[in-house]
Amino acid sequence: MLEFIRFLLSAVLTLAGLFVLVSGVVGVFRFRYSMNRMHAAALGDTLGILCVLLGVMVAEGLTIATVKMLLVIITLWLTSPVASHLISRLEVTINDHLERHMNVVDKTAVAREKEGN
Amino acid sequence: MSVLNILLLIFIIVCAVSVALSKNLLVAIVIFMSQSLAMSVIWVMLQSPDLAITEAAVGVGIDSLLYFVTLKKIHAIDVEKEQEKEGETNHGENS
Amino acid sequence: MAKIREDYENSWWPRFLRWLRGGSTRLDDQLQEELVESSEAHLLQSPEEAAQMERQAEERVQQALQDERNMYDHVHDWARLKGARLTRALYSILAVVTCFAIIYVLLRTTSFLPPFGDPDNPVNNEVSQRYIEAGMQETGAVNIVAGMILDYRAFDTLGESNVLFIAACSVLILLRISREKDGSQSAEQLLVEANDRMYEPKNDTILQHITKLLVPIVLLFGMYVIMNGHISPGGGFSGGALMGAALILYLNAFGFQKTERFFTFRVFQTVSLCALSFYAVSKAYSFFTGANHLWSFITPGTPGKLFSAGLIPYLNLAVGLVVCCTMYAFYTLFRKGDM
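Protein chains in written order, with this note's numbering: chain A, 1 to 117; chain B, 1 to 95; chain C, 1 to 339.
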């Protein structure tokens with residue numbers, strides 16, 4: 001019974017993660033603007049990987065491999081949002097027609113960003 | 001040979017062909033990166049993790065970094081961006 | 001680096017080179033003679049004669065220039081009209097012929113290969129059997145691959161690390177932008193540096209904090225991979241690539257001002273030369289002894305310990321340092337032509 005619950009939990013988590021990853025990939029291909037694409041890709045990188053690895057961890061039990069997977073999750077959660085942040089900052093810096101794609105609230109900040117580079 | 005292995009090998013072949021066929025240099029480099037990534041997974045499945053680490057660090061990381069820097073130096077990225085913008089406006093008019 | 005001598009142009013080597021290239025062109029010599037003659041004539045003779053001589057010299061120079069121009073025109077016309085077409089046709093024919101020749105050679109070679117998976121193939125000879133059976137005892141490395149590439153076939157790996165070094169040297173020759181003589185940055189360097197970080201978000205606080213957290217961990221992992229190369233999978237190449245990637249990340253986050261404090265051109269020279277010479281000193285005798293082992297006081301030690309397997313960990317460290325420095329040098333040279 002306990003074994004079955006564990007299997008069910010891991011299967012649900014893995015499938016949820018795969019769903020998030022697939023929707024991220026679909027988003028990357030469907031969206032036209034780079035910010036939207038970045039949003040979709042970041043979704044898969046963080047939530048999708050988290051769910052898949054949690055599922056694998058539940059299936060694996062408490063071993064050294066589980067700890068390594070935890071480290072993988074931590075590394076990805078540290079690095080992937082930073083990458084997204086850098087992409088968005090780059091977009092703000094080099095795109096001259098930002099208003100065409102989005103609602104710019106603080107125009108002085110954008111100008112400062114452009115000035116700094 | 002498992003299904004995953006066959007899929008990865010097909011993926012590598014498709015990537016290699018599309019690198020050779022793609023006109024846009026930036027796209028070619030990104031496809032090349034994904035090819036390296038699949039290659040490193042194949043190394044893991046062939047039970048040589050040291051090669052996988054090397055492939056992931058060199059093929060995915062440093063190689064493509066050098067290519068990107070080169071593209072920036074020869075101002076290929078700017079041109080592509082302008083073309084992309086033109087394409088975007090054309091696309092907007094068509095749709 | 002040797003200092004350039006003041007009178008370099010007049011020392012014997014450049015003069016020899018000039019003589020080898022055919023010296024200054026005949027036109028120049030002629031011109032110079034004419035000029036000298038005319039100036040002397042100007043001093044000695046009456047103004048009319050001097051003027052006439054000057055005019056003659058002028059005419060001769062004009063004639064020579066016209067001849068040269070005609071020659072160039074002729075050459076270019078020939079290239080445009082006939083030569084280019086001929087060359088192009090020849091090139092395409094040659095390309096096709098070469099391609100088919102290579103295909104033929106490769107297919108011919110492949111047809112002589114033994115059948116795939118045959119147990120009697122020459123690959124499955126007693127050498128690999130012996131490596132697998134006695135490798136751990138003889139080299140002390142648990143990881144057979146490390147024992148093979150750094151002990152039995154160490155001269156091979158020496159060549160590989162030298163290939164990396166030579167690649168770094170070629171990139172240096174091609175891409176390095178020289179500094180001013182007094183060590184300050186030249187105008188070209190400043191221009192390249194200004195263009196280099198044009199579109200980059202500079203001094204990003206989030207990236208810097210994450211980098212501060214990650215770079216030591218990645219460096220430590222790279223060091224672990226290198227130093228455990230004889231125990232677990234890994235080794236100099238993988239660990240060196242990881243450490244190089246960590247250095248590149250640090251450079252991208254903090255810029256050249258920070259990295260110049262610990263990684264200059266001098267450091268690159270020193271580290272890679274020391275590592276390569278250590279490797280060469282410890283393993284190059286294989287070139288003379290025919291890849292046989294010499295007797296050594298360094299024993300393999302207990303297999304599985306960190307400091308075991310004779311010289312393998314130290315050779316791994318040397319290879320790793322060379323790879324790390326080369327990766328970082330590639331990146332900096334590609335970006336701003338200096339370190």
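If you're looking for bench data, these hints aren't it; they were derived computationally from the structure.
For every residue, glycine included, the Cβ atom is placed at its ideal position computed from N, Cα and C.
Check each hint, because a few of them may be wrong.
If we take Cβ atoms under 8 Å as the criterion, some of the chain C residues that face chain B in the derived model are [as the list claims (entries may be wrong)]:
1. Ala95
2. Pro233
3. Gly234
4. Ser238
5. Leu242
6. Ala284
7. Tyr285
8. Phe330
9. Tyr331
10. Phe334
Take a look, some chain C residues computed to stay more than 12 Å from chain A by CB distance [what the hints assert, rightly or not]:
11. Gln62
12. Asn125
13. Met148
14. Ile173
15. Arg176
16. Lys283
Hints versus structure:
The interface hint given for C/Ala95 is broken, as the beta carbon of that residue sits about 17 Å from the closest beta carbon of chain B, more than 8 Å. For C/Pro233, the interface hint holds, since its Cβ comes within 8 Å of a Cβ in chain B; the closest pair sits about 4 Å apart. Nearest Cβ of chain B to the Cβ of C/Gly234: about 5 Å, under the 8 Å cut. The hint holds. Hint status for C/Ser238: holds, given a least beta-carbon distance of 4 Å to chain B, under 8 Å.
With a cut of 8 Å, the hint placing C/Leu242 at the interface with chain B holds, because the nearest CB-to-CB distance is about 5 Å. Because the smallest distance between the Cβ of C/Ala284 and any Cβ of chain B comes to about 25 Å, over 8 Å, the interface hint for this residue is violated. Hint status for C/Tyr285 relative to chain B: violated, with the closest Cβ pair at about 27 Å, above 8 Å. A hinted interface residue such as C/Phe330 counts as satisfied when its beta carbon comes closer than 8 Å to some beta carbon of chain B; here the least separation is about 6 Å, so the hint holds.
For C/Tyr331, the shortest C-beta to C-beta distance to chain B is roughly 7 Å, which falls under 8 Å, so the interface hint holds. Hint status for C/Phe334 relative to chain B: holds, with the closest Cβ pair at about 5 Å, below 8 Å. No Cβ of chain A approaches the Cβ of C/Gln62 within 12 Å, the least distance being about 55 Å, so the stated non-interface status holds. In this structure C/Asn125 is separated from chain A by more than 12 Å, as the shortest Cβ-Cβ distance comes to about 38 Å.
Interface exclusion of C/Met148 from chain A stands, the closest Cβ pair being 28 Å apart, more than 12 Å. For C/Ile173, the condition that its CB be more than 12 Å from all CB atoms of chain A holds, with the nearest at approximately 32 Å. The non-interface label for C/Arg176 is consistent with chain A: the shortest C-beta to C-beta separation is roughly 26 Å, beyond 12 Å. In this structure C/Lys283 is separated from chain A by more than 12 Å, as the shortest Cβ-Cβ distance comes to about 35 Å.
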